[in-house]
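Engineer: Each chain, letter by letter, is given below.
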Amino acid sequence: MSAQSKKILWAGVLGALFGLGLAMSKMLDPQVALDFFDLSGHFNPMLGLVFVGALAVSLVGYRIATNRPKPLIENRFHIPTNTTIDKRLVIGAALFGIGWGLAGYCPAPLVGTVFFNWKEALIFGVPMVAGFWIGKRLVKRFWGT
Amino acid sequence: MSQGGIVYALAGGALIGLSTVGLMLALGRVAGLSGIMKAALWGSDRAWRIAFLAGLVVAATIYFYTHPGHIQVRTNFPAGWLALAGLLVGIGVTLGNGCTSGHGICGLSRFSVRSLVATLTFFSVALLTRYVAHHVLGIVP
Numbered sequence: 001m002s003a004q005s006k007k008i009l010w011a012g013v014l015g016a017l018f019g020l021g022l023a024m025s026k027m028l029d030p031q032v033a034l035d036f037f038d039l040s041g042h043f044n045p046m047l048g049l050v051f052v053g054a055l056a057v058s059l060v061g062y063r064i065a066t067n068r069p070k071p072l073i074e075n076r077f078h079i080p081t082n083t084t085i086d087k088r089l090v091i092g093a094a095l096f097g098i099g100w101g102l103a104g105y106c107p108a109p110l111v112g113t114v115f116f117n118w119k120e121a122l123i124f125g126v127p128m129v130a131g132f133w134i135g136k137r138l139v140k141r142f143w144g145t
Numbered sequence: 146m147s148q149g150g151i152v153y154a155l156a157g158g159a160l161i162g163l164s165t166v167g168l169m170l171a172l173g174r175v176a177g178l179s180g181i182m183k184a185a186l187w188g189s190d191r192a193w194r195i196a197f198l199a200g201l202v203v204a205a206t207i208y209f210y211t212h213p214g215h216i217q218v219r220t221n222f223p224a225g226w227l228a229l230a231g232l233l234v235g236i237g238v239t240l241g242n243g244c245t246s247g248h249g250i251c252g253l254s255r256f257s258v259r260s261l262v263a264t265l266t267f268f269s270v271a272l273l274t275r276y277v278a279h280h281v282l283g284i285v286p
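Protein chains in written order, with this note's numbering: chain A, 1 to 145; chain B, 146 to 286.
No lab work stands behind these hints, which were simulated from the structure alone.
In silico contact screen, one side only, chain B against chain A (beta carbon under 8 angstroms); selected entries: (1) Arg174; (2) Trp226; (3) Leu233; (4) Leu253; (5) Arg275.
Here chain A is said to cover these stretches of chain B; the calculated rule only asks that three of the stretch's residues, wherever they fall, bring their Cβ under 8 angstroms from a Cβ of chain A: (6) 156 to 167; (7) 181 to 187; (8) 191 to 200; (9) 205 to 215; (10) 241 to 248; (11) 254 to 260; (12) 263 to 271.
Since the model is a prediction, treat every value here as computed from it, not as a measurement.
Just so it is clear, CB atoms sit at the ideal spot from N, CA and C, and this is done for glycine as well.
With the hints as extra help, turn the sequences into a complete structure.
Structural biologist: As structure tokens, this is what we get:
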């Protein structure tokens, strides 16, 4: 099997694992996320527990994975090198937080709902993709990259 | 929340963590969903990203239809606020270079201070937004 086919196969299986995790933990219901943010209403800890479960595995797993000289299929690790903490990061995270706290979708669960709640996926997803594009323009305009 | 709910949340989270570790181990890539989506749309090296997204959609859809009633389908959310939220998420993850998975899971697992700042920011803003939108203004269910 070619390296490219192996990459696609691995990515497909790992994507399926991610989707299964989101579905099992009810993260595909945006109202569950909203209930985690609702400290003064009907608080539901599910989202926080999903985070705990994910981090418990990834904190250990990342140590093992990145201790290797290189990944199993690729020639090198593509780990983000940006360490800048600036206005752009904080404004971006805050805008994302407003959108997430308003409707309950972050990008991963939105992808998972595409077929069974296609109406919401469309109404949220099309402006989100437009937002990717607008964001790129803003970055070019104000940060020149 | 029931005890069963706790098990589903922790097990589901562990699967997400396993997927994240697998992507680093096999492809040397961070599992940041907004980054994967953007690069699948506009970037280079698109094939594996499209495969990852396809796998996610297929598994989520199969789970939904094989476990009736497990995931509620929301139908009562005002379309205007939903669209505005989508726009803000799209702009926000682009300026901030990441979302819940990229900063919250991958970034924290790398001990990235930048990701910690992003994660604390979007979580606290989301809490505040929920309070204002639901309890103060009452514009969303």
